[in-house]
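Trainee: Listed here are the chains, written in short residue letters.
Protein chains: 2
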Amino acid sequence: MPEIQGAIRVLRAKGYKVTQPRKQVLKVLTQAQKPVSPYDVQKILQQRGEHLDHVTIYRILDLLCLLNLAHKVLLSGGFVKCALGDEEGCHRFMVCRQCGAFQEFADKSLCEEENELAWHLGFRTEQHFSEFFGLCAKCQG
Amino acid sequence: MPEIQGAIRVLRAKGYKVTQPRKQVLKVLTQAQKPVSPYDVQKILQQRGEHLDHVTIYRILDLLCLLNLAHKVLLSGGFVKCALGDEEGCHRFMVCRQCGAFQEFADKSLCEEENELAWHLGFRTEQHFSEFFGLCAKCQG
DNA sequence: CTACATAATGCAATATTGTTGCATTTACAA
DNA sequence: TTGTAAATGCAACAATATTGCATTATGTAG
Ligand SMILES: [Mn+2]
Ligand SMILES: [Mn+2]
Ligand SMILES: [Zn+2]
Ligand SMILES: [Zn+2]
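Which chain is which? The protein sequence lines are A and B, in order. One point on numbering: in our numbering, the residue at position 127 of the first sequence is 127, and numbering is uninterrupted. One point on numbering: in our numbering, the residue at position 141 of the second sequence is 141, and numbering is uninterrupted.
Hints listed in this document are in silico derivations from the structure and should not be mistaken for laboratory results. Treat the hints with care, as some may be off.
Each pair may be met inside one copy or between any two copies, as identical chains are not told apart.
[As the list claims (entries may be wrong)] Listed next, the in silico BS3-like pairs over lysine-lysine satisfying Cα-Cα at most 30 Å (straight line):
no.	residue 1	residue 2
1	Lys34	Lys138
2	Lys138	Lys23
3	Lys138	Lys108
4	Lys108	Lys14
Working from the sequences, and respecting the hints, build out all of it.
Mentor: Quick look at the structure:
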């Protein structure tokens, strides 16, 4: 796991302790070849006879995201806010990380470009969702 | 609420019953000028002295999504799957609605186009997330 | 208008996701 | 080796989500 060693170096470099739970979670993330939920992490550890409190797992995953050693993915199943329907099959949100303001918009040419990209990978796209995080006009220094 | 009347027509046209709870939820979605969670819906109704079981609310929202009268938005805050970090600031997933297969990819030119679009709306983008739902190569009839 | 069939809702139970406060333990440096 | 701050564990709670089954309400057929 060279990936784990790299993560450990980052932890040390930024002054975070290299604890057993942190190493355990890093190992799970490295071995899982797909995104896993906090609950998944807990279950996988349980199968090895290891136990971590779910609060600890949340805190470790948050830290890894903070350090860009992991990242959240939106990947379906999740969801959940609902709005009455508008542009069918295309829903894009810009969200300000500072004030939380958001704005929805749609863009047809972007959809077409995405369709083509996906098509090159053998995928036929039906629905486009995106979120852009950044700073709104007001929150830009 | 002309929007509600339209939704009611769709329900009838497809053979679904127009029930009190469905009308109540439609009213909440119409009046809320932003996405609301199932829990939000329940709370808003409670403030009016109305009560719906949360299971009912989930089922109604699912139905409205099915009929394209509402749609789910990913809008942050939500949930969480984690993967070890890769392309910083750009995470795109294609997900097959049939078999659940998914594939992550990144595309720099897409990011730039999105940056520009957002910029026209006053937004400075830092992170790009997207999900494309459709059919993978295997699942295309 | 009434009665019926069944679609929809309510309720109970359970699982997953997520946060906070505080007691205890652990990592690491002095 | 020991001390201190950081990290974890634990308890409690809130929110999100799904299933099965009993009960109710809608739309229709009579
Ligand atoms: Mn939308
Ligand atoms: Mn990624
Ligand atoms: Zn802002
Ligand atoms: Zn597929």
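Trainee: Next, verify each hint and record whether it holds.
Mentor: Hint-by-hint comparison with the structure:
Proximity of Lys34 and Lys138 under a CA criterion of 30 Å is satisfied inter-copy only: 19 Å between copies versus 37 Å inside one chain copy. Within a single copy, Lys138 and Lys23 get their C-alpha atoms no closer than 40 Å, and across copies no closer than 37 Å, so neither meets the 30 Å cut-off. Taking the closest pair of Cα atoms, Lys138 and Lys108 come within 30 Å of each other both inside a single copy (27 Å) and across two copies (27 Å). Taking identical chains as interchangeable, the C-alpha atoms of Lys108 and Lys14 lie at most 30 Å apart only when they sit on different chains, with a minimum of 29 Å there against 43 Å within one chain.
Hint 2 from the list above is the single one not met by this structure.
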